[in-house]
Every structure is written in structure tokens, then in C-alpha cells.
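Asks: One letter stands for each residue in the lines below.
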Amino acid sequence: MTPDPLLTIERFSVVYDVEPPVEAVRDVSLELARGEILGLAGESGCGKTTLAYGVQRLLKPPAVITSGSVVFHDADGDDVEVNALDEDQMRAFRWDKVSMVFQGAMNALNPVLAIGRQLDDVFTTHRPGMSKAERRDECGRLLDVVGVGRDRLRSYPHELSGGMRQRVMIAMAMALRPQLMIMDEPTTALDVLVQREILQQISALRHELGFSVIFITHDLPLLLEISDRIAVMKDGQIVEIGAAESLYRDPQHAYTKRLLGSFPSLTGERGDFVRGAEAPASATPEEDAS
Amino acid sequence: MTTLEFKGVTKRYHVRGSGDMLALDDVSFTLTSGQTIALVGQSGSGKSTIAKILTQLERATSGEVLLDGQPIPHRGPGLRRYRQRVRMVFQDPFASLNPYHTIRHHLARPLALDKVVPKDKIEDEVRSLLTRVRLDADATIDRRPHELSGGQRQRVAIARALASRPELLIADEPVSMLDVSIRLGVLNLLADLQRESNLGVLYITHDLATARHFSDEIMVLHHGVVVERGPADDVILNPQHEYTRALRDASPDPDKHFAGPAGEATTRSDAS
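Here the protein sequences line up with chains G and E, keeping their order.
Using the working numbering, read the first sequence as starting at 1 and increasing by one per residue.
Using the working numbering, read the second sequence as starting at 1 and increasing by one per residue.
Keep in mind that the hints are not guaranteed to be accurate.
What the hints assert, rightly or not - Chain G residues, not near chain E, derived (Cβ > 12 Å throughout): (1) A63; (2) R196; (3) H218; (4) S265.
As the list claims (entries may be wrong) - Quick list of simulated restraints, FRET-style, between CB atoms: (5) P20/G with R165/E: 52 to 58 Å; (6) R16/E with L193/G: 53 to 59 Å; (7) E208/G with G44/E: 28 to 34 Å; (8) L113/E with P20/G: 51 to 57 Å; (9) P73/E with R249/G: 52 to 58 Å; (10) D216/E with A75/G: 53 to 59 Å; (11) Y156/G with R144/E: 39 to 45 Å; (12) L79/E with L193/G: 33 to 39 Å; (13) V15/E with T267/G: 34 to 40 Å; (14) T30/E with P20/G: 44 to 50 Å; (15) R91/G with A139/E: 45 to 51 Å.
Everything labelled a hint here was simulated from the structure, so no lab data went into it.
C-beta atoms are modelled at their ideal positions from N, C-alpha and C, and glycine is treated no differently.
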């Protein structure tokens, strides 16, 4: 039991109801603490995105949540059972309590609207009481916070670099001061220098505003650096979860070890990666995977 | 011994409305058979422009590209001959294979076009190519690309590049589209093939860690200029140029991150 839990996922399962059915998420239980950065690692097809979508009920048929519960422990004391919310409650819940930065988010902006307009939409929808001036002010503030700057409010997406667009998406996800932000590969398409800046910013903002983050990526070295805890997923199940450092130093599950071994160390020893390995000249361990 | 020489190559792209964009500024290097050079840099640094000029998909604005001292022919049989000797492996194995054709067709076609082996030997050669990239020839030869995994597809793409028995291979981000746990397998395969056939390999990547382990030398490209070049370990462990240092420091490195008492723990320094 985490001291101050924000999200409790219990025995959560999702099946893609196709022929034959695919069990994308199997019996996943997870507790996320308030203010925690949880890394969710795994390769394509392991179910990490399905889990993240499922938590917010963003899945569409043929995906079916077959079992489990997701309880959100709101800061004002209420426990919200996400699966029990009706359509309107769900709409209010999303983005307000839990927001998401989608995979390839930098291409998710509307190309024909200035980014200020798009940020403004968040407030018109969720905070109908705000005046126009308040909204404009808040949008500007958000762009300042993520380092894009309020003078870009009138810019169109194509006038911004990929890194800046990604920051705009993060600003949008932060707009309503959610308690949880789910980020699905938020920096995968970016250069390392930009990636580093954005990660530092997320880290600093999390410290300042106290939100939790579920950070999804296949890039384990990156997760190790930014996460408090890491969950490793394979075939729809969490095979290992633990503090970043202990997972790195003392991985328990064979798959975690294999995943760690897939990343040659930048400055350390060669490790598993022997150049031109005379040894098992790649007896293609991937043949079964796909 | 094959030598490919890039000599003072400059490439400008004309950008409408804002004059010329200098993609490569006086770049020189040599790639010889048996050698692996990694070319690293951020997007927009000019990495792919170099690959395009090497394969003559683009022409240099000024400067020369020489193969064994001879300028690359711009067209005709000469260019064709050049492209047999210098082959390219692309980033995306999902896009670089034709979904309509079987794996056999993908490999038989270059063999027939380039007349690498006599007609009646093509089937044998296709099978031997598949075996060289550690694929089960019987299980793959009649398949179509969508029936294979990403790693298998990239192996087919590598086999296709090897079909014309090239001396040099240009690999443009050959593993970045693949799942992480199979990347090293494909890189190790490239390394094995490189030694077996004494290939020269230009490994284009943005990943410093694999660049370090996979190549003899690293070249760092920044805004179209080679800012640093040297033996792989030196460039990463002891970078001379500030840009190389910045790149290195921005790359995730758990070893360093967890070393010492939270010392350099930059992004997690706020972990309470």
C-alpha cells in the first residue's frame, strides 16, 4: 500500500474481441502514489498503450474491458470509480483529473488553428465560467511555463519546431492542473537535446505542481533516469515492478534482464553487446515475437 | 581494397523565399572496405544528405565523391555499376519491401538484373543469401513481407543489399524502427557480415551508444559540418567538441546516473 495513493488499478484486463480474441492487458494491478513518476516499459504489442487508454476508458470496440477496477483518489477526498462514471461524468473527469499526451502528439495539433485557439478550447469546454481575457491570460501563462513563450499564441503548428509542438501538447495536458498526466512516448520522435530539455521541464513542473506521471516508452535507459518506479510489461502483464535503481541494479525477471541488455551502455562496459559476437551469431530470438 | 572518398563536398538546397540552405559544408571523409564508421548527429544535421549523395540520389553542389579515385558517374551503366558496389540499407523495413512480392522475388530480382549469377543458379543464391542473414530459407522464401516480423523484414532488406555483392554498405538508421530487444541482433548481424565480407559500413544513427559499440570511428555532424571525428571510444568517452559533449550528456546513461551519491542525477534531482 502506497502512503498516499492517487490511482489504484486492480485486476484490470482488456481483450480485443477479434478472432481469435487478443488478451492485451491481463490482470494488471498497480498503485500509483501522488506525485510519483511511474515508468511503464515494454515493447510494441505488450499492452502498455492499451492499459493507459483503458484507465481512462478511451478504448473503442473491439477492445473490451473484461474485468477489474480503476479507482482515482481525488485530492479533495473523493474516491472515483472510473468504470462507474456515466458519459457526462467521464467527459468532465478526463483532462480535468487525468490528462494525456499522446504518442506522436506533435502531429495531433490542428494545422489550421493557431495554437492559442486550441489551448483556449480546453477552457471553453471545461471552465465555461472563465472570461475571454482570463482564458487568454491562462493560455499565455501555460506557454510560458513550458518554455514556448506567450508570444507564440498566434502561431500555427507548422511555424513551430517538433520540440515546440510537443511542448504545446504538454501545456495543453497541464491546462486544467490534472492530478495525473499519462504520457505515451512523448519524446520518442525528438532529438536527444530537445528530449533532455523536455524531460527536465516535466520533472521540474511535477515538483512544482505535484502531479503524478505515467510515462510510457520502450526506451528503458530514459525511464531509468526519470522514473521513481518502473513497471515492465510483457504480453499484457506486468512482469516486474520496482524502484528504478533496484530494477536497474538487480532485475529479477528474465525479460527485464533481456530488455536492459538490449541497450548497450553509453559510457560503461560493453556488457551483453559484444561487437561482432562470435558467439550465438543471432540465432534470431525474435522469430517468435513480431 | 575499396576506397570511397568524400572530398570537400558542399550541398545547398534552394529554399523558396529564403535563399539557399546549406545542408553540407565542405565535408570530407574516406570509407574503406573493412571499416565501420558511424555518422551521428541530430535531425537536420545533414546525415541523410550524405547518404543521398553517396547513392547519387542527390548531387553535390561542389566537391567530389570518388570511388577508388574515380568520380562517380552521374548516369548510365557506370552509375549502375557504382550502385552495385555501394549499397544502401534503409530505415524502414515496412516501407522498403514491396508488399505484393514474395521474399524470393525481392532477392532474385537484383540477382537477375545485375547478372550476379547465371539464371539457373538464382534460386540457390537466394537461399544462400537468406541463410547469410540467419533466416530459415525454407520458411521465408515464399512469404510476403507482411508475414514477417520487423526484424525478419530488415534481415531481408540486408540480404537484398548484399545480393549484388557490394563492397560498401550505407546503413541509414537500420534498426531505429525495430523493437528494442531485436535491435542488437540485427546490428550484430551487420557486424558479422561486415567481417565475413570485409565490407565498409557507414552506420548512420542518432544513437550514440550503438555508434560507440558498433563502429571503429565516429563522425559527428552538426549543421552540415563534421565537428569531430575519431576512434569510437575516444569520441564518446572523451569528446573534444562542445557539441559532441552536449549530445553525449543529453543521451540517457543509467550507468552514470546511478553512479555515486545522486551526483549527476539531473532530471531526477527532485525525487523526494
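Asks: Could you run down the list of hints and mark each one as holding or not?
Replies: Going down the list of hints, with the structure as the test:
no. : hint                           : verdict
1   : A63                            : holds, 22 Å
2   : R196                           : violated, 4 Å
3   : H218                           : violated, 5 Å
4   : S265                           : violated, 5 Å
5   : P20/G with R165/E: 52 to 58 Å  : violated, 44 Å
6   : R16/E with L193/G: 53 to 59 Å  : violated, 29 Å
7   : E208/G with G44/E: 28 to 34 Å  : holds, 32 Å
8   : L113/E with P20/G: 51 to 57 Å  : violated, 42 Å
9   : P73/E with R249/G: 52 to 58 Å  : holds, 56 Å
10  : D216/E with A75/G: 53 to 59 Å  : holds, 56 Å
11  : Y156/G with R144/E: 39 to 45 Å : holds, 41 Å
12  : L79/E with L193/G: 33 to 39 Å  : holds, 37 Å
13  : V15/E with T267/G: 34 to 40 Å  : holds, 38 Å
14  : T30/E with P20/G: 44 to 50 Å   : violated, 55 Å
15  : R91/G with A139/E: 45 to 51 Å  : holds, 50 Å
Hint compliance for this structure: hints 2, 3, 4, 5, 6, 8 and 14 are broken, all remaining hints hold.
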